[in-house]
Amino acid sequence: MATVTMARALNSALREALRADDDVLVFGEDVGPLGGVFRITDGLTREFGQERCFDTPLAEAGIVGVAVGLCMGGFRPVVEMQFDAFGYPAFEQIASHVAKTRNRTRGRLSLPMVIRVPFGGGIGGVEHHSDSSEAYYAHTPGLKVVTPATVEDAYWLLRDAVDDPDPVVFMEPKRLYWSRGEVSTARGSVEPLGRAVVRRAGRDVTVVAYGPAVPVALEAAREAARGGVELEVVDLRSLVPFDDATVVASVRRTGRCVVVQEAQGFAGVGAEVAARVQERCFHSLAAPVLRVAGFDVPYPPPAVERAHLPSVRRILGAVSRLQFDDEPDLTHGVAGVVS
Amino acid sequence: MSFQALRQTVDRLLPSSDPVRYVAEDGTPLPVPDDGGIPADAVLLDAFRRMVVGRRFDAQATVLTRQGRLAVYPSSRGQEACQIGAVLALREEDWLFPTYRDSMALFARGLDPLELLTLLRGEWHCGYDPMAWRTAPQCTPLATQAPHAVGLAEALRRRGRGGVVLVLVGDGGTSEGDFHEALNFAGVLGAPVVFLVQNNRYAISVPLERQSAAPALAFRGVGCGVPSEQVDGNDLVATLAVVSAAVERARAGRGPSLVEAHTYRVEPHTNADDAARYRDEEEVARWRAADPVVRLERYLRHRGLLTDREVEDARQEAERVAEALRAGLSGPLAGDPLELFSHVFAEPTPQLVEQRAWLAAELAAWDGDGGAGGDSDGVEEEGRSGWRR
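Sequences listed follow chains C and B, in order. Following the UniProt record's numbering, the numbering of the first sequence begins with 1 at its first residue and continues without gaps. Following the UniProt record's numbering, the numbering of the second sequence begins with 1 at its first residue and continues without gaps.
There could be a bad hint or two in this list.
Partner residues aside, some chain B positions facing chain C, computed with beta carbon under 7 Å [unchecked claim]: (1) Cys126; (2) Pro130; (3) Leu152; (4) Ala155; (5) Val188; (6) Thr349; (7) Ala364; (8) Gly368.
These are calculated hints, taken from the structure and not from any lab test. From the three backbone atoms N, C-alpha and C, an ideal C-beta is built for every residue, glycine too.
Using the sequences provided together with the hints, build the complete structure.
In structure tokens form, the structure reads like this:
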């Protein structure tokens, strides 16, 4: 068990995937000798050669489109969109082909590729380097969309994504790249892609978060506990498939729910979570489901990005509005929760 | 690189200043360079037969669309030399990446006509097995199939078991970013892929001169280091020779090529289009006179290779194909609403399982009331077929 950064864990996952299967290829912009602008592919070209990990022309649609063809030829490409907002030129390829090909061909042609997208802000990046683009992908049927919040998940979810028979958009929270944690090369109890996990148990409020918002939610939970309020933090891990069962079970235990996301709020993943919770947990809820999200503004410049990002204070503010004078009805239990 | 070496490289990449042509419009043979690679007599006779049959297939599909048997049909009438030339240049182990306008080529490649028309009939999206036919799904978003073709060519190169890829693009498609990105990737990777641009002069209504200021679309290759050629796309002999040369070049490990075939879309964009709004009948008539099938017939007769007997045989085969198409498309549309959930992922998500159950219950309720009451709005058809109304 070693303590490493998330960046190093992702690097190890790619290395192990390349070792495990000769058909895995890693390519994109600057991922070769440089090792990627975030060094996620550091050393891979040296170890596996230019044939397995290589730089491409600077053309995101081309990168994803070529990956489609390589899948048709039996390879398992892992491509990098250097930054969230630089992935947009590839969106037509992703939405019209990557997401639809299995369906178009009635399952005869599958595209087992991973599209890695470093995403989100909080790193002092100038414009076009801090977007939260996950909702575009999550809204597109046929894509799995995953985002790790822990170092261990970064490793195992990326391994799962490479092994998945379907295309996975793997959203890497940039500001967690340098977070540290333990990761074991023995899987242990790490849940598979598709499951949410309860990161911290608590009886009073369910806080649903994913990716870069998870550490903020956990910090809020520690803060709330000092005031005697126990937050249960659910880390979604996988936006698609969505783990209704874990979320619903938690809300039926607590009777209150706050959804946290860094992305702008309107029509975002958090809105979907809130809708699903109220559809399934209405009679358990003592208060409306609240969202804590980025504002509906283009991502701000570094000088003011802290005002935009969901904070501990903002999460605790939402928690305080959850009508604690009302008693939730927690008799509905979790039996029969399918999804 | 010295100026002289640069000049030599550019010359190697540039297309001929005039489209390659081996047969005059009236069918007279034209002088052919020693390395011109005129196809063998038997291949040309086979091409003629396929063009006659392909045109009939295309015409029948157009008629069936007017009768409501297909949802839409983009005709490739007038492009027979390109469609058949492309297919005949390929071997079985090679791959074809077609667009929505290339149904004739798919038919010529041997695909089952009903399977290949699944898309245009509207029963599903791609009705054939791309892996079995080494034929990618017909692509509707313009030029987006071009990078796929490059990727597959790169995969074939890596596997080292042979095979090349031919991707079809239209004149409008060459304006798309994906076309340029694909050409550029192909050049950098040295992938065994041939880009065949069927320049039929119209992107729905937009004429070629609004599409590009390049001297010819074939000149787009030089900027990507991809050798290019242009050919009279209504001259089957030249088209097949030039495309075959490009395919064999790729097969020999000498990298990608771009071929522009000058042709003309004789029919409107689709049955839903009104071409009279953007081009005059004189222009269409001029191109009808440059008919590629007639040209090849005259050429083959001129060379004494074709007799009335072969022509009649081809026509009879064409009629049999048309008849089979009419019969095959005479029934009602087939489709199971529950299949909607079957191919989204390898394993359906819990949400898809749930939604499938909802729809199944809805359909069962429909069956239960016989389509006569409830929310059936008086639709008389029963059961699952009723949902379509």
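Consistency of the hints with the structure:
1. For Cys126/B, the shortest C-beta to C-beta distance to chain C is roughly 5 Å, which falls under 7 Å, so the interface hint holds.
2. Nearest Cβ of chain C to the Cβ of Pro130/B: about 5 Å, under the 7 Å cut. The hint holds.
3. A cut of 7 Å between beta carbons decides the hint on Leu152/B: the least distance to chain C is about 4 Å, and the hint holds.
4. For Ala155/B, the interface hint holds, since its Cβ comes within 7 Å of a Cβ in chain C; the closest pair sits about 2 Å apart.
5. Hint status for Val188/B relative to chain C: holds, with the closest Cβ pair at about 6 Å, below 7 Å.
6. Proximity of Thr349/B to chain C holds as hinted, the smallest CB-CB distance being about 4 Å (cut-off 7 Å).
7. The beta carbon of Ala364/B is not positioned within 7 Å of any beta carbon in chain C (closest approach about 19 Å), and the interface hint is therefore violated.
8. Because the smallest distance between the Cβ of Gly368/B and any Cβ of chain C comes to about 24 Å, over 7 Å, the interface hint for this residue is violated.
Comparing the model with each numbered hint stated earlier shows that hints 7 and 8 do not hold.
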